[in-house]
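Visitor: So the chains spell out like this:
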Amino acid sequence: MQLEEISMSLVRGDAGAVERLTREALEEGFSPRLILEEGLIAGMTIVGVKFRNNEIYFPEVLVSARAMKAGMTPLEPILKACGIEPIGKCVLGTVRGDIHDIGKNLVVIMFKGSGFEVIDLGVNVSLEKFMAAIRAHRPDILGMSALLTTTMVQMRINMEGFRAAGFLNGMKVMVGGAPVNRKFADEIGAHAYGKDAADAAERAVGWIRGSRKQ
Amino acid sequence: MNSKERVAAAMRHEEPDRVPVMSQLALGHYFLHCDLPEVEIWHSTEAFGESLITLQRRYQFDGILVNLPGRDPNWRSYIKRVEESNGEKTIHWINGWTTVCPRDDNPHVYREDGSRYFAAFDVVDPEKLFYIEPHEMSGITYPYYWGFLEEATREEDFFFPPWQFDTLDYVLQHAGEEVSIHSEIFSPFTQLLELMDYTQGLLALMDDPGKFKACLEALTQGAIALGRGQAARGVDAVLMSSAFAGSGFISPEHYREFVLPFERKVIEGIHSEFDVPVYTHTCGLIGDRLDLLEATGTDGIDTLDPPPLGNVDLADAKERIGGNLFIKGNLDPVNVILKGTPEKVLAEARHCIEVAAPGGGYILSSACSIAPHAPPDNILKLHEAAEQFGNYH
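From first to last, the protein sequence lines stand for chains A and B. As numbered in the working numbering, residues 14 to 227 make up the first sequence, in order. As numbered in the working numbering, residues 139 to 531 make up the second sequence, in order.
Wrong hints could be hidden among the right ones.
[What the hints assert, rightly or not] Which residues of chain B face chain A? A few of them, derived with a C-beta cut under 8 Å, are:
| hint | residue |
| --- | --- |
| 1 | Gly166 |
| 2 | Asp242 |
| 3 | His246 |
| 4 | Tyr336 |
| 5 | Leu340 |
| 6 | Ile388 |
| 7 | Ala509 |
It is worth saying that the hints were derived from the structure and are not from the lab. Built from N, CA and C at the ideal position, the CB exists for glycine as well.
Make a model of the complete structure from these sequences and hints.
Guide: Laid out in structure tokens, this is it:
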């Protein structure tokens, strides 16, 4: 019941309640992993489904994400201390020349809400910056966003850079943004096209689960 | 019938001699396809005015949207130095800010620490707001001033700077007799999101809707003043840019609460003093709210992005709103005009004409603006399609 309350408070975007309930659940002896998975992530999963079904929109997702962050405040140090790892690690950014961040921010929210550790490189991210982040963090997934027809070509340049550096062995690349489509993703050799933030997060979770089965 | 009359007839829901053609071009398209440096086109009234007219003539469009304000004629005197790297110019201004000018995209202003400025919601005072110009050459500032000077530069009884209408005047003077000239204002909702950055703006809407609306109310007054000023110069129509009002951003309920009443006031405010069409540019996913757009009192809707960029079916839109509003757009600017062949552009433009032109009230146009790298041969097909398939008589 306690965990369901956390989920529902998160869906409502009630950050204060999520933080309080998370602390209470910890005090009552719920395992940190259970609180994370059946409280916070379960709540963000509902948010993702509602968003995809146009039952809620961007502002509502933002307040839910803020509530998740509030819940993570007491939980995160304990998860780390217990050695509980995120389900995967991803590096995300909007490509060089492009300063649009709203779509990328939504993807960050959905990935975090699915249990990923996210390294958000922000906007106008150069190939060099992506490469440095890959070297430093060794992500499972790299996501690139572009809103402009002028900047989506940078994704191709980046893919060539990743390929030449040998980064595509073991790391999946996903692309998205208004002018991007599956055909373009295939052309540049990306592993997937995320048609929206929820779709991207679902694919990412699928990859991680698939790789664990192997 | 000349271009000006043709567009006017379409906006009045009359049948002109043929379907008019008028498409917004991305500013990067001017940078790439006019023989003027991008720094000049962005910062100089005359250079931008000349570029607008050059490409209108080249593509045989019936109208021009003047989508940058006039510029401070002394803008060059604020430059400290200009650097160039990999074809991209960076202007260093005397106040320490920089403007990065890509060859094919809108320039952006950065503060001394390399960041772009946005105002935090808690510091924004609705009483200090009047109008936010997203295309101001010094970027977004708060409290608002124009250019790179610390002190406000404006006329005593008028918020806007004395050069505000210079580009409009230039284009009206050089092309306004024959060509339909449209000006641009930003909707209150767009202005506020540009001021705070989109994510913070949408959170503010949830956190303090009362203050959010007070800000919108103030920005509504600025939009009315600017629209009236443009109408007084003699424009043929005023376009209200409202890019964040689709379902990619907000729900229909939030549209009713935060967009509709304020856009209605802007439109009524202009209409109350000028008999000039005011129409709305909203990109992306608006198929679920065409009736709400109509309820703002707008005279027409621009863009109407088709799938996959948006979700508007042109035949459906014509049936739902075509009786009262003129329609401009629906031709996919990415998958057809940018990536397609000239034959594909011609075929898709023909389809748009066949669906939306009967009975009048249609202007052939790309949905959102035509991309910087769109092939000119593809763009020329718009006029060809109108000539070949768009005759009414």
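Visitor: Let me know if the C-beta of Asp242(B) comes in closer than 8 Å to any C-beta of chain A, holds or violated.
Guide: holds, 5 Å
Visitor: Taking the least C-beta to C-beta distance, is Tyr336(B) closer than 8 Å to chain A?
Guide: holds, 5 Å
Visitor: Holds or violated: is the Cβ of His246(B) closer than 8 Å to a Cβ in chain A?
Guide: holds, 6 Å
Visitor: Hold the hint about Gly166(B) up to the distance rule: shortest CB distance to chain A must be less than 8 Å.
Guide: With Cβ-Cβ at 6 Å, under 8 Å, it holds.
Visitor: Was the hint right that Leu340(B) lines chain A, CB cutoff 8 Å?
Guide: OK, holds: Leu340(B) within 8 Å of chain A, min 4 Å.
Visitor: Is the shortest C-beta separation between Ile388(B) and chain A less than 8 Å?
Guide: holds, 5 Å
Visitor: Holds or violated: is there a CB of chain A closer than 8 Å to the CB of Ala509(B)?
Guide: With a closest approach of 4 Å, the Ala509(B) hint holds.
In this structure, none of the earlier numbered hints is contradicted; all agree with it.
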